[in-house]
Amino acid sequence: MSGFDAVEMFAAARAAALATINPDGTPHLVPVVFAVHRETVYTAVDAKRKSTQRLRRLANIDADPRVCLIADNYSDDWSQLWWVRADGVATVHHSGDQMATGYGALRQKYPQYQRLALDGPVISVEVRRWSSWQA
Numbered sequence: 000m001s002g003f004d005a006v007e008m009f010a011a012a013r014a015a016a017l018a019t020i021n022p023d024g025t026p027h028l029v030p031v032v033f034a035v036h037r038e039t040v041y042t043a044v045d046a047k048r049k050s051t052q053r054l055r056r057l058a059n060i061d062a063d064p065r066v067c068l069i070a071d072n073y074s075d076d077w078s079q080l081w082w083v084r085a086d087g088v089a090t091v092h093h094s095g096d097q098m099a100t101g102y103g104a105l106r107q108k109y110p111q112y113q114r115l116a117l118d119g120p121v122i123s124v125e126v127r128r129w130s131s132w133q134a
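The sequence shown begins at 0 in numbering that gives the first Met the number 0 and counts up by one.
Incorrect hints may appear among the rest.
[As the list claims (entries may be wrong)] Straight-line alpha carbon distances no greater than 20 Å define the calculated EDC-like cross-link-like pairs of lysine to aspartate or glutamate that follow:
id, residue 1, residue 2
1, K108, E7
2, K108, E125
3, K108, D96
4, K108, D71
5, K108, D118
6, K108, D4
7, K108, E38
8, K108, D61
It should be emphasised that the hints constitute simulated quantities derived from the structure, not laboratory data.
Work the whole structure out from these sequences, hints included.
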């Protein structure tokens with residue numbers, strides 16, 4: 000990969016893992032789809048089936064907004080390996096401009112959201128630090 004741009008590679012990834020902090024200090028990790036708009040990362044609670052609407056990630060962010068997201072590329076050709084991590088501060092939005100921006104960015108990136116409802120809160124992550132590695 001010549002001209003590796005970490006933010007661009009992260010934004011193009013199809014999925015990431017979101018890490019939040021449980022009340023006991025242990026990490027809580029979940030896979031998410033996301034979109035990047037002006038270096039803010041957005042993910043949302045959508046209408047896909049879940050065991051509960053009281054999601055641990057939302058409660059964790061309310062208690063401690065420090066989060067981390069990581070996207071990566073694995074290939075059997077190890078010269079193509081890379082990962083990008085975004086460390087930041089998350090906010091949960093139940094209405095307003097940030098929610099609309101997040102919904103718009105997610106619908107633009109994922110055609111599935113033309114058929115699947117986005118009806119839950121949006122998480123925005125103000126990225127404070129980007130880290131990356133490539134083979």
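Verification of the hints:
no.	hint	verdict
1	K108 <-> E7	holds (13 Å)
2	K108 <-> E125	holds (19 Å)
3	K108 <-> D96	holds (18 Å)
4	K108 <-> D71	holds (17 Å)
5	K108 <-> D118	holds (17 Å)
6	K108 <-> D4	holds (19 Å)
7	K108 <-> E38	holds (15 Å)
8	K108 <-> D61	violated (27 Å)
Consistency with the previously given hints fails for number 8 only.
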